[in-house]
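Visitor: So the chains spell out like this:
There are 4 protein chains.
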Amino acid sequence: MKILFLGDVVGNIGTKMIKQYLPILKRDYKPQLTIVNGENATSFGRGINRKVYKGIMDAGADVITLGNHAWNNEEIFDFIDETKKLVRPLNFPGKDVPGNGYTIINVNGKKVAVINLQGRIFMDPIDDPFRMIDELVSKLHSQVDNIFVDFHAETTSEKQVMAMYLDGRISAMVGTHTHVQTNDNRVLKKGTAFMTDAGMCGPTDGVLGMKYENIIHRFLTQRPTRFEVEENGGGIVSGCIIDIDNHIMKAKSIKKILISPDHPYQG
Amino acid sequence: MKILFLGDVVGNIGTKMIKQYLPILKRDYKPQLTIVNGENATSFGRGINRKVYKGIMDAGADVITLGNHAWNNEEIFDFIDETKKLVRPLNFPGKDVPGNGYTIINVNGKKVAVINLQGRIFMDPIDDPFRMIDELVSKLHSQVDNIFVDFHAETTSEKQVMAMYLDGRISAMVGTHTHVQTNDNRVLKKGTAFMTDAGMCGPTDGVLGMKYENIIHRFLTQRPTRFEVEENGGGIVSGCIIDIDNHIMKAKSIKKILISPDHPYQG
Amino acid sequence: MKILFLGDVVGNIGTKMIKQYLPILKRDYKPQLTIVNGENATSFGRGINRKVYKGIMDAGADVITLGNHAWNNEEIFDFIDETKKLVRPLNFPGKDVPGNGYTIINVNGKKVAVINLQGRIFMDPIDDPFRMIDELVSKLHSQVDNIFVDFHAETTSEKQVMAMYLDGRISAMVGTHTHVQTNDNRVLKKGTAFMTDAGMCGPTDGVLGMKYENIIHRFLTQRPTRFEVEENGGGIVSGCIIDIDNHIMKAKSIKKILISPDHPYQG
Amino acid sequence: MKILFLGDVVGNIGTKMIKQYLPILKRDYKPQLTIVNGENATSFGRGINRKVYKGIMDAGADVITLGNHAWNNEEIFDFIDETKKLVRPLNFPGKDVPGNGYTIINVNGKKVAVINLQGRIFMDPIDDPFRMIDELVSKLHSQVDNIFVDFHAETTSEKQVMAMYLDGRISAMVGTHTHVQTNDNRVLKKGTAFMTDAGMCGPTDGVLGMKYENIIHRFLTQRPTRFEVEENGGGIVSGCIIDIDNHIMKAKSIKKILISPDHPYQG
Ligand SMILES: [Fe+2]
Ligand SMILES: [Fe+2]
Ligand SMILES: [Fe+2]
Ligand SMILES: [Fe+2]
Ligand SMILES: [Fe+2]
Ligand SMILES: [Fe+2]
Ligand SMILES: [Fe+2]
Ligand SMILES: [Fe+2]
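Residue numbers (the working numbering), protein chains in the order written: chain R, 1 to 267; chain S, 1001 to 1267; chain Y, 2001 to 2267; chain H, 3001 to 3267.
These are computed hints drawn from the structure, not numbers from a lab. By construction, the Cβ of each residue, glycine as well, lies at the ideal position given by its N, Cα and C atoms. No false leads were slipped in.
Pair ranges (Cβ atoms, derived):
id	chain 1	residue 1	chain 2	residue 2	range
1	Y	His2141	R	Gly109	49 to 57 Å
2	S	Gln1266	Y	Gln2032	32 to 40 Å
3	S	Glu1231	Y	His2141	27 to 35 Å
4	S	Pro1023	R	Asp81	52 to 60 Å
5	Y	Lys2019	R	Ser142	53 to 61 Å
6	S	Glu1082	R	Asp81	49 to 57 Å
7	H	Lys3084	Y	Arg2226	27 to 35 Å
8	S	Gln1266	R	Asp81	55 to 63 Å
9	R	Pro224	S	Asn1108	35 to 43 Å
10	Y	Arg2226	S	Lys1085	39 to 47 Å
In silico DSS-like cross-links for lysine-lysine, where the CA-CA straight-line distance does not exceed 27 Å:
id	chain 1	residue 1	chain 2	residue 2
11	R	Lys255	H	Lys3256
12	R	Lys256	H	Lys3252
13	R	Lys2	R	Lys139
14	Y	Lys2189	S	Lys1256
15	H	Lys3256	R	Lys256
16	H	Lys3250	H	Lys3139
17	S	Lys1139	H	Lys3095
18	S	Lys1256	Y	Lys2255
19	H	Lys3054	H	Lys3016
20	R	Lys256	H	Lys3255
21	H	Lys3250	H	Lys3189
22	R	Lys84	R	Lys111
Over the 12 Å line for every Cβ pair with chain Y, so calculated as not near, a few chain R residues:
id	residue
23	Arg46
24	Gly60
25	Phe227
26	Gln266
Let's have the full structure, built from the sequences with the hints guiding it.
Guide: Next comes the structure, spelled out in structure tokens:
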């Protein structure tokens, strides 16, 4: 089974790139399951809304994952409980957190759990991602055939130690949040596919998708600055394609996907 | 010479308390110089505007200091350069930072420098407060008779080490930012008056001036929450009165001021 | 019932002050229960050992609480499970955390739970203190007559919101960790006694108990510096005395205790 | 002119990999200048010492850069001022910081400045890297032909905005510190070669070079854990080769270098 994963979609250029390239990637790679991180998919780069959600699903996604910006556009509270295809981080605290931290998808008679998890180092103090994923994975082992985790975290250390913690227990873990693709895609010793960060789908000209002018003003002055999504210039598509053994919880390969003005898509 | 200092004024209850009690405190303590921290003085608790600035000055302040919220209400950029009585933290970086980091006030023929300085531990990475105050104090020693520093910082360690660093070189250093008055007012070994935090002037019922309902929602869910100033209940006035020797850069005493429903003003 | 609480004991001067003043405070205030925070009680200011533990207990403590430095002296693992009088923060994660997060003490036929809890803002990402204390307090309500919480946390906001969250459900919450006593001791609206920080018991001359020379070197250079406990100069004792109604979970009063060269003990 | 840069060397496996592969890389790529980040090069993964310094230089490095761990092995204070080939971050504060923040190397009659710079987001509050590099680059423009910057920083945002800030003013900027190579090597619009992180040279089996058992213990328990360098398993070499135009301050290309058990060297 093949899983296509694309990292954080940012703003209008991000959704445009998804609409243009997701159908082509699906045609060429023929994934049975397509997952897209949409935590920055609104036009202003924070959170998601119904229209953008529908746009990414219509382009070919089966599941959309989120991250620390999950709740930044309040419209999400209106529709997150209507669908099982929009997954927010598992480990937000509190009673009655809207939405779900994972979903189970039927793929050709196989069940695949797609989990969204969030880190804590240099991020908000939410519930322990290690304990929660440990408990959930144990529970899911009797229910599903494969498990995919989008671990939304800041540091390379938290992502790598999580991947090794889950190695042999899940099919694949891909990191998101830093918006820069890492060059460390590999299958770990016990069979879990891993890369530290998938990278983003968004504007090439800004800083992680946001306008350079805003970001540099903030760094130079430390005064409050409104961050706006870069609306001009080229676009990038970042992610990976994972090949998973159908009968065991192991991956055969994980390959980077990167489309940008410097790396035009070649199929 | 006596200096009256009042900590962070928060929202409408804060400005109301200032208007009610500042005249009474001035009548009773007869300070020659009155300084108020106004970084949270707008009705929404962030930054300052012309109207609130004028209200605090009319109530009897000679200088208003600020802090990390200095720039949170954009109206400040319109009037900070019109007055020398509104002082923002000295160590914000960049060329042409609006306003000034200190001002010099004439008090009965004596010159007093009032400096606003901001810390960095668990705060934004602005310029080095230690080096900047060191250079400024050296420069001011030939120009002024007394120096007062409002050090706006989060941790007790940064505030205490700064006070000891400046001990004997300035008349007084009072901390602000945590909104809770500390019980450690004292004159340090070499003569500088010090207390870790003056406390705030604002609502008694909230959490540091903000509505409890908002703050607890944020702590329990880690989801974004709009923080609103508490508009109901009683008010508090917090600060200190410092007695400084007229001819040398030394303090004779520093006493806490605290007015609240539990501690009604007794003159 | 009266509870005497003393804040973080730091190094040799701290334990010396405890030995000198705890018997006097007990003689004068006649508390039925005495609690001391000992997270910095070793001679080097980090963690606790058998000898120091015994010294503080012999001086008159009934329970010793800890904090983020609980595990900094490895000897604790040898004896924490031998006693029920040494309490570490409730919300450290993991299976089989050594020791206990609370203890129940019999005081004249009444049962008092003493809980140690740790915050997360600007501290390590341990388990949710709000959820854990909520569950524990609910459980304890049928077992004990009074509940005391030492909440070891950095920020005034986390401490104040926690106190309001627990107001009416526990007898008293006192903050520790900043080593500076706050001037906000009060009984909250629903009856819980509270102050943001009890302050420390240790050297007066250093910065929070540590040598000034080390701390200023670190702040000026940002290079690694060995922090040593201040061994010279005077000592301070900080804490509070809480008067609790015997039959209901409410406090009658909470008063600051502060003994220092500037505030000699007057009984 | 070609510059070979290799990222953070970690522990004994790291220095062994350098000794094995640096001569081969130099033979095959024929760089005129070779720079290696050695901030974790001691056997315990923190700082550098004379022996390790000499080992990396003997293997073929022309300059060794450092980072936040620069000062973690005190032996550095004994020899950093003896050599101009060991460069520590430019923006450490304080008077008389040992060593230098940059060095100028003669390469075939051309002068190349090699600068080490450190970020501040989620790192210690040192001097402003933007202002300091801005001033240094302006000064160096009349003295050198090319400028290379190793920007040692945590976040992708600080590294990317710095690269865009310097674009067209320096030949190349390569990030270090996260120990994971990014897949975003490119020449920016105005001619500066850039990649967010070069990756590390060290053990493949640990977490960023350190033993998994230690790191996972820390994440699961939040109790203090001694971090040890991984001494077993394979090794990785990460870096890049940059081709710079000889006469102008522009790069022609930047290519990733990655040698690991999964990516055996193929020349
Ligand atoms: Fe994102
Ligand atoms: Fe994110
Ligand atoms: Fe404030
Ligand atoms: Fe503030
Ligand atoms: Fe402490
Ligand atoms: Fe502590
Ligand atoms: Fe490193
Ligand atoms: Fe580093």
